[in-house]
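For reference, the chains in residue letters:
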Amino acid sequence: MQNLKDFKASKLAKIFNQFFMVSMWVLGIITVFFVLLLLFLILKDGLPYVTWDFVIGLPSEIDAGGGIGPMLLNSFYVTILSLLVSIPISLGAGIYLAEYAPDNKLTSTIRVCVEGLSSVPSIVFGLIGIALFVEYFQIGLTIIGASLSLAMLNLPLLTRVSEESIRAVPHSYREGSYALGATKLQTIFKVVIPVAMRGLITGLSLVAGRAFGESAVIILAGGVNASAEMWDFSLFSPGGTLAVHLWYVQSEAIVPDAKEIAHKSAAVLLFVVLAINLLFRIPLWWMERKMK
Amino acid sequence: MNDYINLHDVNLFYGTNQALKDVKLQAAKHEITAFIGPSGCGKSTLLRCLNRMNDLIPNVKITGEISVAGESLYGANTDVESLRKNIGMVFQAPNPFMMSIYDNIAFGPRRFGVKSKAILDEIVEKSLRAAVLWDEVKDQLKKSGLSLSGGQQQRLCIARALSVEPDVLLMDEATASLDPISTMKIEELVQQLKKDYTIVMVTHNMQQAARVSDKTCFFLNGEVIESAPTKTLFNNPEDKRTEDYITGRFG
Ligand SMILES: Nc1ncnc2c1ncn2[C@@H]1O[C@H](COP(=O)(O)OP(=O)(O)O)[C@@H](O)[C@H]1O
Ligand SMILES: [Mg+2]
Chain A
1 MQNLKDFKAS KLAKIFNQFF MVSMWVLGII TVFFVLLLLF LILKDGLPYV TWDFVIGLPS
61 EIDAGGGIGP MLLNSFYVTI LSLLVSIPIS LGAGIYLAEY APDNKLTSTI RVCVEGLSSV
121 PSIVFGLIGI ALFVEYFQIG LTIIGASLSL AMLNLPLLTR VSEESIRAVP HSYREGSYAL
181 GATKLQTIFK VVIPVAMRGL ITGLSLVAGR AFGESAVIIL AGGVNASAEM WDFSLFSPGG
241 TLAVHLWYVQ SEAIVPDAKE IAHKSAAVLL FVVLAINLLF RIPLWWMERK MK
Chain B
1 MNDYINLHDV NLFYGTNQAL KDVKLQAAKH EITAFIGPSG CGKSTLLRCL NRMNDLIPNV
61 KITGEISVAG ESLYGANTDV ESLRKNIGMV FQAPNPFMMS IYDNIAFGPR RFGVKSKAIL
121 DEIVEKSLRA AVLWDEVKDQ LKKSGLSLSG GQQQRLCIAR ALSVEPDVLL MDEATASLDP
181 ISTMKIEELV QQLKKDYTIV MVTHNMQQAA RVSDKTCFFL NGEVIESAPT KTLFNNPEDK
241 RTEDYITGRF G
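Residue numbers (the working numbering), protein chains in the order written: chain A, 1 to 292; chain B, 1 to 251.
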């Protein structure tokens, strides 16, 4: 037998190791560079020219100088309404799938369906919205129609995120709670969900950001117009949002400053989506600090 | 009360796999009973029968009679939550909840309806003192239970188990993940606790069983081979297999 002392660590393994590390660095830097470049390109033509009048002003059909007020308001309104509807449902579904559902054919079928639904193109949910709100209930293109259709789009992904975050909580937490005589409900809400909160909030921020920028569902179920007044909170006002407006001015509008409006709208849209992501970090950061 | 905890012909199946075979066993009040035996022989399974934690695993079938203080644990009208409150458990790896030290202890009492801040304060202090942790954490009760060291976390879990004033304390290899000094602290603590509680502990460490327990039960392949006062079992084992195990000839 050969003496183990005669073996040397392989030179080749070391070279591969170095090579891999350098490649990952380079790829990482390239990715970050492109993302920053993209952000810069979008923001540079818009952000410097965004004024308060533009942000809360009414749009104009013919003259230059129109604002985006009602559309921006709709974006927030529709996003929040859709989340208010989809969060309780998907949290409930996630809890059921993670904690209660028996391991059988039915539940694995449900799981596959949820997974499948989360990759259905959003425009399909827009079509469902049309069929339901415009054709069946005949309420036309409205905020409520847009919100509920968007809620349907949110559901599968939110359900998945909820199930997975809850499932990822180590079993030992549950055992600790049961061993003290807590019921299943108490265990889930007092012990498991607080631990899952990190994953839940991260998932929620992704869904919220996507909902805010969603256009296909809104065009079909909410329309391309928003209310003609500012601060109109009627659920039955037209449901066009900022993302839709961006598409509209870029492709359909006849105002002379359509290009500028599109640039500025894109900048505002991006800014808000980034802000939403940052906003969701605050509770995470706060929880982290409390846990130290 | 030599049969404070009494098991008669207990069989347990995980699906079709039999993990406990005709277990007969008694444990006395205010004594420490230790379960020893090679891993996979059913020690944890039996311990988990005593607070019905096995109910949480699907497809578990249990037959036989288990009673504590004369009350059957698997009776038709047994209230599982109250039962688990009366029979506390400490696990192999410390598992404090992701909440403050205070809330970890207050969790149990709150579940059973204690709301008064004054009473909770009292329970928290009393439980932490009983687990010999009070002096180390009294100034940081708001800090997360997870910020403590492993040994402190395990004592926090013991305090948490004591917070609901159980009669019995089950410990499943509670020192297995701890360093020798923390282990020693917990062994001392267990000795003190036996004044007020009946303790059943699983340990893979025979010296530990010999050091702390009053009675030792030797398990092998789901059966209790021998159970006797600790001194007798270690000095004069009756069964050849017990002798082989404690002298290190196998396992
Ligand atoms: N949740 C479970 N499901 C199925 N089998 C299990 C489960 N837990 C333990 N077992 C089996 O029961 C036997 C006893 O396990 P356990 O009580 O954990 O042993 P010990 O604590 O003595 O190491 C082992 O064969 C193990 O594989
Ligand atoms: Mg075990």
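Simulated from the structure, these hints should not be mistaken for laboratory data. No experiment lies behind these values; they were computed from the predicted model shown. Where hints are given, some of them may not hold.
A few chain A residues that don't get close to chain B, going by computed Cβ distances all over 12 Å [as the list claims (entries may be wrong)]:
| no. | residue |
| --- | --- |
| 1 | M21 |
| 2 | P102 |
| 3 | C113 |
| 4 | T187 |
| 5 | L206 |
| 6 | S234 |
| 7 | V255 |
| 8 | F280 |
Straight-line C-alpha distance at most 30 Å; calculated BS3-like pairs for lysine-lysine [stated by the list, open to error]:
| no. | chain 1 | residue 1 | chain 2 | residue 2 |
| --- | --- | --- | --- | --- |
| 9 | B | K185 | B | K240 |
| 10 | B | K143 | A | K184 |
| 11 | B | K115 | A | K184 |
| 12 | B | K194 | B | K231 |
| 13 | B | K240 | A | K184 |
| 14 | B | K142 | A | K190 |
| 15 | B | K61 | A | K105 |
| 16 | B | K138 | B | K115 |
| 17 | A | K184 | B | K231 |
| 18 | B | K231 | A | K190 |
We put the CB at the ideal spot given by N, CA and C, even for glycine.
Here's how the hints hold up against the structure:
In this structure M21/A is separated from chain B by more than 12 Å, as the shortest Cβ-Cβ distance comes to about 33 Å. Non-interface status of P102/A relative to chain B is broken: a Cβ of that chain comes within 12 Å, the nearest being about 8 Å off. The beta carbon of C113/A sits about 23 Å from the closest Cβ of chain B, which is more than 12 Å, so the claim that it is off the interface holds. Distance check for T187/A against chain B: the nearest CB is about 9 Å away, which does not clear 12 Å, and the non-interface claim fails.
Against the 12 Å criterion, L206/A stays outside the reach of chain B, whose nearest CB is about 23 Å from its own CB. S234/A, annotated as away from the interface, keeps every beta carbon of chain B farther than 12 Å; the closest lies near 43 Å. Against the 12 Å criterion, V255/A stays outside the reach of chain B, whose nearest CB is about 54 Å from its own CB. Every beta carbon of chain B lies more than 12 Å from that of F280/A, the smallest distance being close to 19 Å; the non-interface claim holds.
For the proposed pair K185/B and K240/B, the alpha carbon gap of about 34 Å is over 30 Å, so the pair is violated. For a cut-off of 30 Å, the pair hint linking K143/B to K184/A stands: about 26 Å separates their Cα positions. For the hint linking K115/B to K184/A, the alpha-carbon distance of about 20 Å falls within 30 Å, and the restraint holds. At most 30 Å may separate the alpha-carbon atoms for a hinted pair to count; K194/B and K231/B meet this at roughly 18 Å.
Restraint check: the Cα-Cα separation between K240/B and K184/A comes to about 45 Å, which exceeds 30 Å; the hinted pair is violated. With a C-alpha separation of about 17 Å, the suggested pairing of K142/B with K190/A holds against the 30 Å cut-off. Note on K61/B and K105/A: the hinted pairing holds, with a Cα-Cα distance of about 23 Å set against a maximum of 30 Å. Taken as a hint, the K138/B and K115/B pair is honoured in the structure, with Cα atoms around 21 Å apart against an allowance of 30 Å.
With a C-alpha separation of about 42 Å, the suggested pairing of K184/A with K231/B is violated against the 30 Å cut-off. Distance restraint check for K231/B and K190/A: the Cα-Cα separation of roughly 45 Å exceeds the 30 Å cut-off, and the hinted pair is therefore not satisfied.
Hint compliance for this structure: hints 2, 4, 9, 13, 17 and 18 are not met, and every other hint is.
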